[in-house]
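Residue numbers (our numbering), protein chains in the order written: chain A, 2 to 95; chain B, 2 to 95.
No lab work stands behind these hints, which were simulated from the structure alone. Quick caveat, the model's predicted, so the values are computed rather than measured. Take the hints with a grain of salt, since some may be wrong.
Heads up, the list lumps identical chains together, so a pair's fine if it works in one copy or across two of them.
[Said to hold, decoys possible] Calculated cross-link-like contacts (lysine to any residue; reagent style SDA-like; alpha-carbon spacing at most 20 Å):
hint, residue 1, residue 2
1, LYS4, GLY17
2, LYS4, THR84
3, LYS24, GLU66
4, LYS80, THR32
5, LYS61, GLU19
6, LYS24, VAL47
7, LYS4, ALA85
8, LYS4, SER77
9, LYS24, ASN12
10, LYS4, GLY33
11, LYS24, THR84
12, LYS24, HIS72
13, LYS24, ALA85
14, LYS80, ASN12
15, LYS80, ALA21
Number of protein chains: 2
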Amino acid sequence: MLKVNEYFDGNVKSIGFEHASDKSTVGVMNTGDYLFNTGAPERMTVIKGALTIQLANDDKWHTYEQGQSFHVAGDSSFKLQVTAPTAYLCEFLD
Amino acid sequence: MLKVNEYFDGNVKSIGFEHASDKSTVGVMNTGDYLFNTGAPERMTVIKGALTIQLANDDKWHTYEQGQSFHVAGDSSFKLQVTAPTAYLCEFLD
Chain A
2 MLKVNEYFDG NVKSIGFEHA SDKSTVGVMN TGDYLFNTGA PERMTVIKGA
52 LTIQLANDDK WHTYEQGQSF HVAGDSSFKL QVTAPTAYLC EFLD
Chain B
2 MLKVNEYFDG NVKSIGFEHA SDKSTVGVMN TGDYLFNTGA PERMTVIKGA
52 LTIQLANDDK WHTYEQGQSF HVAGDSSFKL QVTAPTAYLC EFLD
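Pulled out of the complex, with its shape left as it was, chain A reads as follows (with noise of 0.2 Å):
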């Protein structure tokens, strides 16, 4: 089944799925300040929109936009700023 994840008071809202044994999700971000922590290290693509973030261990902020990925270690975390709503991509790489 397709699992559907709600953070932040439902202000981002993903949909799990396996595609060829690679563990994935599809989520949206409303416009807002987030700040998430990961287990396995992630690949982010941005779908439509951008993401301006900040990784744990990097005092500057960086913007992706559409078609642009990101990578975030594992057992970290992440800073993001959305200015609209922006629809993601988070590839799980372990």
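Starting from the known structure of chain A, fit chain B onto it as the hints suggest.
Frame of chain A; chain B shown alone:
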């Protein structure tokens, strides 16, 4: 709010959002055969996986892979054959 849609007994789920006045959904289809009707014209883009589709007025089937798009006319329909869970972006073009 982000609206979650379910079709075909939960084998297709999507999340609706609006980005810069573009209405879109991101979703996942489990393995299966589906028929969808359109209201507005749609651009469908495969995010991860593949979709094999037949448009209402076409006797051929076409397969679209990750990153590829196809258009569906408004007030029409299309059939899908999905052989592995696949994520997609649907943009409404009205």
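Against the structure, the hints:
Both within a single protomer and between protomers do LYS4 and GLY17 lie at most 20 Å apart by alpha-carbon distance, with minima of 5 Å and 16 Å respectively. For the homomeric pair LYS4 and THR84, the shortest alpha-carbon distance between copies (19 Å) is at most 20 Å, but the shortest distance inside one copy (26 Å) is not. Taking the closest pair of Cα atoms, LYS24 and GLU66 come within 20 Å of each other only across two copies (18 Å); inside a single copy the shortest separation is 23 Å, beyond that limit. Only within a single protomer do LYS80 and THR32 lie at most 20 Å apart by alpha-carbon distance; the minimum there is 13 Å, versus 34 Å between protomers.
For the homomeric pair LYS61 and GLU19, neither the shortest alpha-carbon distance inside one copy (33 Å) nor that between copies (29 Å) is at most 20 Å. In this homomeric assembly, LYS24 and VAL47 come within 20 Å of each other (Cα to Cα) both inside a single copy, at 17 Å, and across copies, at 16 Å. Proximity of LYS4 and ALA85 under a CA criterion of 20 Å is satisfied inter-copy only: 16 Å between copies versus 24 Å inside one chain copy. In this assembly of identical chains, the alpha carbons of LYS4 and SER77 never lie at most 20 Å apart, being 23 Å within a copy and 29 Å across copies at closest.
With identical chains, the CA atoms of LYS24 and ASN12 are at most 20 Å apart between copies only, with a shortest distance of 17 Å across copies and 22 Å within one. Taking the closest pair of Cα atoms, LYS4 and GLY33 come within 20 Å of each other only across two copies (17 Å); inside a single copy the shortest separation is 23 Å, beyond that limit. Taking the closest pair of Cα atoms, LYS24 and THR84 come within 20 Å of each other only across two copies (16 Å); inside a single copy the shortest separation is 27 Å, beyond that limit. Taking the closest pair of Cα atoms, LYS24 and HIS72 come within 20 Å of each other only inside a single copy of the chain (15 Å); across copies the shortest separation is 28 Å, beyond that limit.
Taking identical chains as interchangeable, the C-alpha atoms of LYS24 and ALA85 lie at most 20 Å apart only when they sit on different chains, with a minimum of 13 Å there against 26 Å within one chain. Proximity of LYS80 and ASN12 under a CA criterion of 20 Å is satisfied intra-copy only: 15 Å inside one chain copy versus 32 Å between copies. With identical chains, the CA atoms of LYS80 and ALA21 are never at most 20 Å apart, being 30 Å at best within one copy and 23 Å at best between copies.
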